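2 protein chains.
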Amino acid sequence: MSLLTVGTVAFDAIETPFGKTDKIVGGAATYIAHSASFFSKRVNIVSVIGDDFDMAELELLRKKGVDTTGIEIKEGKKSFFWAGKYHLDMNTRDTLVTDLNVLMEFNPIVPASYQGSDILLLGNIDPNLQIKVIEQLTARPKLIILDTMNFWMTPAFKPALDKVISMVDVLTVNDAEARELSNEYSLVKAAKKIMSMGPEYLIIKKGEHGALLFHENNVFFAPALPLEEVFDPTGAGDTFAGGFAGYLDKTRDISFDNMKRAIIYGSAMASFCVEKFGTQRLKELTHKDIEERVKEFIDLVQFDIEIED
Amino acid sequence: MSLLTVGTVAFDAIETPFGKTDKIVGGAATYIAHSASFFSKRVNIVSVIGDDFDMAELELLRKKGVDTTGIEIKEGKKSFFWAGKYHLDMNTRDTLVTDLNVLMEFNPIVPASYQGSDILLLGNIDPNLQIKVIEQLTARPKLIILDTMNFWMTPAFKPALDKVISMVDVLTVNDAEARELSNEYSLVKAAKKIMSMGPEYLIIKKGEHGALLFHENNVFFAPALPLEEVFDPTGAGDTFAGGFAGYLDKTRDISFDNMKRAIIYGSAMASFCVEKFGTQRLKELTHKDIEERVKEFIDLVQFDIEIED
Numbered sequence: 298m299s300l301l302t303v304g305t306v307a308f309d310a311i312e313t314p315f316g317k318t319d320k321i322v323g324g325a326a327t328y329i330a331h332s333a334s335f336f337s338k339r340v341n342i343v344s345v346i347g348d349d350f351d352m353a354e355l356e357l358l359r360k361k362g363v364d365t366t367g368i369e370i371k372e373g374k375k376s377f378f379w380a381g382k383y384h385l386d387m388n389t390r391d392t393l394v395t396d397l398n399v400l401m402e403f404n405p406i407v408p409a410s411y412q413g414s415d416i417l418l419l420g421n422i423d424p425n426l427q428i429k430v431i432e433q434l435t436a437r438p439k440l441i442i443l444d445t446m447n448f449w450m451t452p453a454f455k456p457a458l459d460k461v462i463s464m465v466d467v468l469t470v471n472d473a474e475a476r477e478l479s480n481e482y483s484l485v486k487a488a489k490k491i492m493s494m495g496p497e498y499l500i501i502k503k504g505e506h507g508a509l510l511f512h513e514n515n516v517f518f519a520p521a522l523p524l525e526e527v528f529d530p531t532g533a534g535d536t537f538a539g540g541f542a543g544y545l546d547k548t549r550d551i552s553f554d555n556m557k558r559a560i561i562y563g564s565a566m567a568s569f570c571v572e573k574f575g576t577q578r579l580k581e582l583t584h585k586d587i588e589e590r591v592k593e594f595i596d597l598v599q600f601d602i603e604i605e606d
Numbered sequence: 298m299s300l301l302t303v304g305t306v307a308f309d310a311i312e313t314p315f316g317k318t319d320k321i322v323g324g325a326a327t328y329i330a331h332s333a334s335f336f337s338k339r340v341n342i343v344s345v346i347g348d349d350f351d352m353a354e355l356e357l358l359r360k361k362g363v364d365t366t367g368i369e370i371k372e373g374k375k376s377f378f379w380a381g382k383y384h385l386d387m388n389t390r391d392t393l394v395t396d397l398n399v400l401m402e403f404n405p406i407v408p409a410s411y412q413g414s415d416i417l418l419l420g421n422i423d424p425n426l427q428i429k430v431i432e433q434l435t436a437r438p439k440l441i442i443l444d445t446m447n448f449w450m451t452p453a454f455k456p457a458l459d460k461v462i463s464m465v466d467v468l469t470v471n472d473a474e475a476r477e478l479s480n481e482y483s484l485v486k487a488a489k490k491i492m493s494m495g496p497e498y499l500i501i502k503k504g505e506h507g508a509l510l511f512h513e514n515n516v517f518f519a520p521a522l523p524l525e526e527v528f529d530p531t532g533a534g535d536t537f538a539g540g541f542a543g544y545l546d547k548t549r550d551i552s553f554d555n556m557k558r559a560i561i562y563g564s565a566m567a568s569f570c571v572e573k574f575g576t577q578r579l580k581e582l583t584h585k586d587i588e589e590r591v592k593e594f595i596d597l598v599q600f601d602i603e604i605e606d
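Those sequence lines, one after another, are chains A and B.
So for the first sequence, the working numbering puts the first residue at 298; every next one is plus one.
So for the second sequence, the working numbering puts the first residue at 298; every next one is plus one.
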C-alpha cells in the first residue's frame, strides 16, 4: 500500500505568544509526510523546492520511508517562504510574509514510479494544480482526499475548486471554510450541501474543539485533546490529514467505521504537532508515544450507558 | 432521593434569527426543574415570583413531581423579567431589558420539608444568596453543584463568589468564565487553578463544542450533538445542569464514572431545549425521546480501537 501526496515543501518563520523561530522547514507536504510515515510503508511526495532548501531534511524523510523523487529542485531559485504570527487564542494568525518563489511556476509532475498509489492526499495548494495531479494518474486511486482553504474560495479560484471538489471522495476543511463554501451557518446543513457537491465524506476541523466526520446521514465526532499549552499550531491540519490518510493506507480499509479510527489517529498526530515549533515534535515521536496518546483519546470520550431498546 | 435547587423563576422575551416571543416563562430554576424532573422523583425549588406569574406553569411543574412550596409569591409585585436578542452565532447575545423586580429583595428561605435533600443545585443567582441557602441546611447534602456566570466575577460580588466556590463539590461555568475566573487561557491550567479553589469537580461548558469534566488529573469530554438548527439557546446551560443533577440523584451514584453518564444525559436534555423557544420542547418530551437522543450521543463518539499494551 502506498500514499501519494502533493503540497508545499517550504520554509516558515513562526511567532507565537511562547516564542519565535528563524526559518524552519515547513509546508503542507512536509507535515503530511512526517505524519503519514508512521503508518504508510511508502509515502510519495510531489512538490517543488529551490536550491536553498535544507537537503538533510529530505534525507530524513527518505529514512522514514518517504519517496522524494517527485520533489523537483529548481536550481538558482528559492523555496516558498511564509512568515506568520499567532495570537493568544491560536485560532487567528497574521501573515507577515508570503514569498511564493518556486511555487509561482510549480507544475506538478507525477513520476512514473508513483503510479498505482492506493490513496491520494491532495495537500492545500492551488486547485488547478490539484486537478493536474489527478489527471496524470493512469488509474484512479482507491480514495482521493482533498485538503483546501478559504483562500481558494475567492472568485479567481472558485471554479477550479468546485471542479476538484467534484472529483474527490473526502474533503477536509475547517468550520469557517465549511460555512463559506456552503453559505450555511449550521454545520449539519453545510455538510449536506458540500456532500452534494461531490465528496461522499466530509471532515470539518474545529481546531481545539475537535473534528466532525460526515457521511450520508451519519456523523462522527472526534475531540481534540485538552492540552496545557498549544505551543505552535502551524501544520496541525496537515499533520491531521497525514495521519488520517496514512492510517487508512496502512489498514487497507476505507469504510466509515475505519475512518472514525483514522480521525482519532489523525487527531493524536495533530496533538503532538502543536507541542513544539514546526515538525520538531513529529521528528522525535515513537510508535509507543502514538499508542499512548490514542489511549488518552479513548479515555477522554469513553463512557458506558446501557440503553434499553 | 431528592434534589433541591434555587434560582430564578421568571419571564423572558427572546429574539433569535428565527423569530421572537412575547413574555414567556423562563428562569434558571424553571429550566432546571423541567429537566431534572425526568430523572429525580422529587425536585424542590426555592425561588421568588410576583403575583403576575402564570400559576398554571407552577401547576405543570407540580404534576411532574416538582415541589413548589419554596417559591415565594410576592403580592402586588412583578416577577423578574429579562429580554434579550441572539445573533446568528448564538454564542453572543444582547440584553435588551433586565427588570429585577421581586429579585431585588429575594431572601431565599428553605422550607422545613426540603431539609434532607440529597443533592443541592445552586442555580445562577447572586452568590450571597447561594451561600444563604447552604447555610440554612441542617445536614450537608451528599453533593453541592454550583452554577454561576461572569456577572458575579466583578469586584462587588467576587468575595462572595470565591466563598461559595470554596463550599461546593462541582462547579459549572462556560469556557470564557473559566478563563476569567482563573486568569489562565489554557482550559487545562484553568481547571487546575479552579479546582484548587475548592470544587473537586469542574464542568466547563463550551456550547456547541460540548463540555469538559475535570477531576484530579482526569478529564472527560462530552460532545454537543451537531444540530441542523439551534433555535433558541436560552436555558440550555440550566437544562444541562438540571439533567446532570437529576441523573445523579436518580442513580444515587456520585462517582466520576457516573458523572460522565450524567453529563451525557445533561447534554441530551440541553440539545432538546434549544430546538424550540423557552421550555416548550422540554414540556413535550418523553423518556423514549431522551433514550433515543442519548443513543445518538453514543453513536456520535463511539469508535473501537484496540491498543496493544
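If you're looking for bench data, these hints aren't it; they were derived computationally from the structure.
Among these hints, one or two may not hold up.
[What the hints assert, rightly or not] Lysine to aspartate or glutamate pairs mimicking EDC-like chemistry, simulated, CA-CA at most 20 angstroms apart:
| # | chain 1 | residue 1 | chain 2 | residue 2 |
| --- | --- | --- | --- | --- |
| 1 | B | K557 | A | D601 |
| 2 | A | K503 | B | D348 |
| 3 | B | K592 | A | E513 |
None of the values given here were measured: they were computed from a predicted structure.
Quick rundown of the hints versus the structure:
no. : hint            : in the structure
1   : B:K557 / A:D601 : holds, 9 angstroms
2   : A:K503 / B:D348 : violated, 47 angstroms
3   : B:K592 / A:E513 : holds, 18 angstroms
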